[in-house]
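Protein chains in written order, with the numbering used here: chain A, 1 to 62; chain B, 1001 to 1264.
These are computed hints drawn from the structure, not numbers from a lab. Cβ atoms here follow ideal geometry from the backbone N, Cα and C, with glycine treated the same way. There may be inaccurate statements among the hints.
Just a few of them, taken from the derived set where beta-carbon distance is under 10 Å, the chain A residues facing chain B [claimed, not checked]:
#1 M1
#2 K4
#3 L8
#4 P11
#5 I12
#6 A16
#7 A29
#8 R39
#9 D51
#10 A52
#11 A58
In silico DSS-like cross-links for lysine-lysine, where the CA-CA straight-line distance does not exceed 25 Å [stated by the list, open to error]:
#12 B:K1262 to B:K1179
#13 B:K1245 to B:K1010
#14 B:K1228 to B:K1022
#15 B:K1022 to B:K1179
#16 A:K26 to A:K4
#17 B:K1228 to A:K27
#18 B:K1022 to A:K26
#19 B:K1022 to A:K27
#20 B:K1022 to B:K1224
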Amino acid sequence: MNGKAHSLEPPIDVSALLASLELAGKKVAVERNGEIVPRSAHANTLLADGDALEVVVAVGGG
Amino acid sequence: MQDLLTIGGKTYRSRLLIGTGKYRDFAQTRAAVEASGAEIVTVAIRRTNIGQNRNEPSLLEALPPSRFTYLPNTAGCYTAADAVRTLRLARELLDGHDLVKLEVLGDPHTLYPNMPETLKATEELVKDGFKVMVYCSDDPIQAQMLEAAGCVAIMPLASLIGSGMGILNPWNLQLIIEKVKLPVIVDAGVGTASDATIAMELGCDGVLMNTAVAAARDPVLMAKAMKKGVEAGREAFLAGRMPKKLYSASPSSPTEGKIAPKAA
């Protein structure tokens, strides 16, 4: 996740992962293995060993 | 008659677009954006700091997307693929928002655009339904290629990003303004209010800036100055300046009835 290895207890979906990171309800976007995981699909997208995730936010920029 | 800026089918009263980076804190960001009168604000997309500062206020709270049009950028991207990926994340993050700022950089030293990659990314994003405002070189031929590719605004640099060097090549900007029908917005290089005025006097449709405001000693006051600079330049452009007349001075006061004798 975001370039670093994380160990998680399976089974875990994207919603549960965000909740465990205290990011539930926060304005974030998730990409899994290069594909966007829409917010509506967070709860039914199960993560698998070796998945590459990006979790991003909006920050100040020009 | 109201003088509105239209980008991607939406109209804006302000012709000043402002970046949200490099401010002291969100309060200063908010104050500067308010003072600038800008309706469009650029934002960057970055990885969350996993496990850090979870209760820190977010930019989206400081600048509510209900009040401002967010313009997510691809700052820091050096390939078309990275830029497209970043903007797909931005669209998801901002609930389907499709107006974006594309910038594909050539190198970290100059932040000059990589135009072949920029054009490639534009084509891909347009195909994917994005409304793309493109940071680009001030080359009128490249600008026409971007227009043909279907972007919604051409955004040539006036000088290097963050340099504050002002309008280095007004002639090229003028060529772009003449050659393309899309809005032309100077993006990058503005240092102070007169630079913004010059860009607008040339006939640019708007100016996008960040560092010129954020790095001023008093960013909020500079934001206010920029607002006036852009408005003054726009009005001067619409008013149509007098021609420059070298060697042919013309007094503003009557030449008859003077008590002084005629000059030799």
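Evaluated hints:
1. M1: With a closest approach of 7 Å, the A:M1 hint holds.
2. K4: Holds, about 7 Å.
3. L8: 12 Å, violated
4. P11: For A:P11, the interface hint is violated, since the closest Cβ of chain B sits about 21 Å away, which is over 10 Å.
5. I12: 15 Å, violated
6. A16: 15 Å, violated
7. A29: 4 Å, holds
8. R39: This hint holds: A:R39 lies near chain B, its Cβ roughly 7 Å from the closest one there, short of 10 Å.
9. D51: 15 Å, violated
10. A52: Nearest chain B Cβ about 12 Å off; hint violated.
11. A58: Because about 4 Å separates A:A58 from the closest Cβ in chain B, which is inside the 10 Å limit, the hint holds.
12. B:K1262 to B:K1179: Judged against 25 Å, a Cα distance of about 49 Å means the pair is violated.
13. B:K1245 to B:K1010: 40 Å, violated
14. B:K1228 to B:K1022: At roughly 22 Å apart (the allowed maximum being 25 Å), B:K1022 and B:K1228 satisfy the hint.
15. B:K1022 to B:K1179: 34 Å, violated
16. A:K26 to A:K4: Answer holds: A:K26 to A:K4 is near 21 Å, not above 25 Å.
17. B:K1228 to A:K27: 34 Å, violated
18. B:K1022 to A:K26: 23 Å, holds
19. B:K1022 to A:K27: Roughly 21 Å separates the two Cα atoms, so the pair holds.
20. B:K1022 to B:K1224: Roughly 17 Å between the alpha carbons, so the hint for B:K1022 and B:K1224 holds.
Comparing the model with each earlier hint shows violations of hints 3, 4, 5, 6, 9, 10, 12, 13, 15, 17; every other hint is respected.
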